[in-house]
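Number of protein chains: 2
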Amino acid sequence: MLNHLRGYFPILDWGRSYDRNAFSNDMIAAVIVTIMLIPQSLAYALLAGLPPEAGIYASIAPIILYAIFGTSRALAVGPVAVVSLLTASAVGQVAEAGTAGYAVAALTLAFLSGAFLVLLGVLRLGFLANFLSHPVIAGFITASGILIAFSQLKHLLGVSAQGHTLPELLLSIFEHLDQVNIITVIIGASATAFLFWVRKGLKPTLRRLGASARLADVLTKAGPVAAVAVTTMSVWLFGLNDKGVKIVGDVPQSLPPLTMPGLSPDLVQQLLVPAILISIIGFVESVSVAQTLAAKKRQRIDPDQELIGLGAANLGAAFTGGYPVTGGFSRSVVNYDAGAETPAAGAFTAIGLAIAAVALTPLVYFLPNATLAATIVVAVLSLVDFSILRKTWEYSKADFAAVAATIVLTLTMGVEVGVAAGVGISILLHLYKTSRPHVAEIGLVPGTQHFRNIHRHSVETDPTVLSLRVDESLYFVNARFLEDLVQARVSEGCAIKNVILMFSAVNEVDFSALESLEAINQRLTELGIGLHLSEVKGPVMDRLKSTHFLHQLNGRVFLSQYDAWCAMVPPTDIDNAAE
Amino acid sequence: MLNHLRGYFPILDWGRSYDRNAFSNDMIAAVIVTIMLIPQSLAYALLAGLPPEAGIYASIAPIILYAIFGTSRALAVGPVAVVSLLTASAVGQVAEAGTAGYAVAALTLAFLSGAFLVLLGVLRLGFLANFLSHPVIAGFITASGILIAFSQLKHLLGVSAQGHTLPELLLSIFEHLDQVNIITVIIGASATAFLFWVRKGLKPTLRRLGASARLADVLTKAGPVAAVAVTTMSVWLFGLNDKGVKIVGDVPQSLPPLTMPGLSPDLVQQLLVPAILISIIGFVESVSVAQTLAAKKRQRIDPDQELIGLGAANLGAAFTGGYPVTGGFSRSVVNYDAGAETPAAGAFTAIGLAIAAVALTPLVYFLPNATLAATIVVAVLSLVDFSILRKTWEYSKADFAAVAATIVLTLTMGVEVGVAAGVGISILLHLYKTSRPHVAEIGLVPGTQHFRNIHRHSVETDPTVLSLRVDESLYFVNARFLEDLVQARVSEGCAIKNVILMFSAVNEVDFSALESLEAINQRLTELGIGLHLSEVKGPVMDRLKSTHFLHQLNGRVFLSQYDAWCAMVPPTDIDNAAE
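So the sequence lines, in the order shown, correspond to chains A and B.
For the first sequence, the positions run 1 to 579 when my numbering is used.
For the second sequence, the positions run 1 to 579 when my numbering is used.
So here's chain A without its partners, still in its complex pose:
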């Protein structure tokens, strides 16, 4: 009973052994992460089209709920760039940014996404996430990074523009170029340049100046806070907001409010597909971060329980004024590097953010949107990595096609079309490959009992025996292929008396393929040729035994290809072959 409960509440597991040492490590990590999260949360809310406080609210309840239900000890849950972009794209289709309806729709999206994740978790369907292949995810994240960077261009220029695809964004910015505010451009450009420098050049400089590794690290993480402080002060001192620089403005001083997601059938129907998409993308991203970090400490995470943890986090976001969240890469890595030992670090971060929400929000009144945009641009450009194109091109054109389609369609048709096309193309190309399987004619490798392709190895063969190794499971998509192939091969070689199909690579024979095998057997019987199988695996054999096929088969089923060979080729030939 307790063990069962522990499965659903991992907190019961690590909570028992929690000690002072873990507490102090978790506290330090929480302070560092909190400092990093304040500007990041505001910025991602801006990206999602929501008021800045939504980003902070979305980091409080979800972190606590994940700490209770999640299995990763280092994962930090909250708003992330890609999910914020997906939220903007989905909610933008049902409401105008800045309206109350928009915020409610974002809550609905978080609710649906959370409910779907919990459902998948309870049904143990985490494997569904595997349909999103690594290359497709990599391509999608790269394209999203570009889209996000360009979506921030308007804040850096001070113009109003919109669009969910690259051409739309560029066109819209181009049309509004007359609105460009030069002071905003200066703030944006200098913040961006500063943050790039912090990311690339600050740490080595600090180390050269004699700072400890830990100090250099903390100061680097505080870079965005410095940019926020300096630009906010500048706006306040010089009254730049009166000169057209857009600022964050009033942010309510409050703990996360209790909110209700809108659940009208109409809204639910419009947001259901985007919610499923956000869930799966968020889950895949989160699990890969969690697995990477867990592997470093020989810990394990349970993907099905992760679904429940992330689902609970999203449900939490839906009822506390947030929007869809997931485990973020950068915040989790920072959390891990800062020494977080248990999910309690997350809970302490939540407390830090709650304090910020109550006490610090007046301080960001004069914070320019351009600074937030700069933090986003610098953060997401590290996501952009085109090397996946080169890597897949070199390895497999099918993988390359899926990645290239994902990138191009995400940029030009939007995130939803892009990722759906990536998954669809991956599956279709896989099915296409299996529809024309590789079939090798094989012979005996001299001196062994091993059989290989006659075109790749020098092997022994016999003109009366045709041995074919079928390199694919036999199922409806390729059932007829084998039928045609055996027919063609047999009509070529007139000396053939026996055909052996080596089934070492046949992992399944479905009903359509069974019918094809029956047809092959019947045709070969009519031609007076024996049909034999070898190396049929246990699960396939179990299934064939439940049918009449093995009785109809005019030949035999051999344990190994070598047994079949010995039964058909005269012993003198075998002696020769073995020499």
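These are calculated hints, taken from the structure and not from any lab test.
Wrong hints could be hidden among the right ones.
Note: identical chains are not told apart, hence a pair may lie in one copy or across any two.
Said to hold, decoys possible - Below, simulated DSS-like cross-link-like pairs (lysine-lysine); rule was C-alpha separation at most 30 Å, straight line:
(1) K397 with K545
(2) K433 with K545
(3) K391 with K545
(4) K433 with K203
(5) K397 with K497
(6) K433 with K397
(7) K545 with K203
Mind docking chain B on chain A? Use the hints.
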């Protein structure tokens, strides 16, 4: 050049050797088929919701075009039951039955279907039809047969009812029960009973009475004509059409007219998906008939050229007042049994039908619709075969699920949903199965060099070596599965020094799986465990060689599992194992 032309015009092939003997055989077959086709063509037009002459027109130009472009020597092309039903369902959504718009939409459907088939043929994409598995097709045809039979019930009862699903049809008939015409019921019931008897009982009776097999056969085929003649005469003699019996009425006395399919973007958009569906179902049905008949005479058909042949036939139907056609099972079998030797038999049938269209159409004025409905019901009930449910249930629950879903959804949601669900479920279940592959721990079968599952065979193993045979191609859907599995197995057996992955059943390693292999290698390296591969196939090895993986691999790649075993297990153990 000529050979190339012959590929696209198979007529150049058989036409050269056409002789008097073939001519007379073809003529006899044509007469028998023509007699059978006249009532059938009228009936299927009724089923498709079109005027009766459309059925005859659809049998003339398409037959001739198929004779020129098709590769099967016995296939008879024309309206068939399932495609007529699909036509009624598709066209019924854009126009009212009986209107001019309805007939034009049917032409458009034939045009789109023909164009799509030709396109697939020119692109050599015939393999796409394989996505429709045999069990799904069988389930779909059974469900369609039931739907068709029930759709004819209104004609047998003399009521007006409509609907494209079983519940709709039954409800609609029930609502109109007050319209039942008792004379129509008598005609319909007796025609149905007579035709059933002709099909089951006439031939044995005739043979007992001393008729030759050939004569008995021809008389049996003429059964529908007799039913048509008797009921038409009855209506005419007793003036039954004035007593509420619905009749065929005026049919224009004309050769097929030249018609233009409607090609407005709106219409094309609405009919495109149904046209693709009709093309693929028609193609699959046609090819399986053609292959069955070709195999009996050791002839071959070329599926890609069949696409062009059927496409040309449909384009012909579109411009000559027809509607979508395909190779029909019953008409092709009759053609074959009647001794047709070449596609010329089809051309002669077309001439026979053209004569009928000009000369015989006034004779069917008093033909009751109930008789046509009876011929349809008797014909389609032979399509209904639920044994596919039992067969797939016994063999594979996945195949059963696809068939059952196809049948249930076709009956309750209509033909398009049914067949799409069948294909979708087949693919998803296949992907699901490959997402959790069977992995066997293997050992040496004593006295051989062959390795099998330790749980199924008594084999030799060594505690320091973990040999796993992965029974599936490694690709994104199952990439992480192997990673988790190896991790779990290694943490169980602490004596393990070497892991050998036997790749005999791994037919592909995609980019995601390569990343997983790299991760496995890295983790095992950290644990001081060697990772080795064995029996990697040529195509997989070629691909792995293009990467750094083989350099990173901490162990070796062995040609055979036995080689790997010999390299890792001390020779004395091998001697013991071999005894």
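Against the structure, the hints come out as follows:
1. K397 with K545: between (39 Å within a copy, 15 Å between copies)
2. K433 with K545: Both. Shortest intra-copy (29 Å) and inter-copy (20 Å) distances satisfy the 30 Å Cα cut-off.
3. K391 with K545: Between. Shortest inter-copy distance 14 Å satisfies the 30 Å Cα cut-off; intra-copy 45 Å does not.
4. K433 with K203: Close neither inside one copy (49 Å) nor across copies (50 Å); limit 30 Å.
5. K397 with K497: neither (40 Å within a copy, 36 Å between copies)
6. K433 with K397: For K433 and K397, both the intra-copy (12 Å) and inter-copy (25 Å) Cα distances are at most 30 Å.
7. K545 with K203: Neither way: K545 and K203 sit 68 Å apart in one copy and 39 Å across, limit 30 Å.
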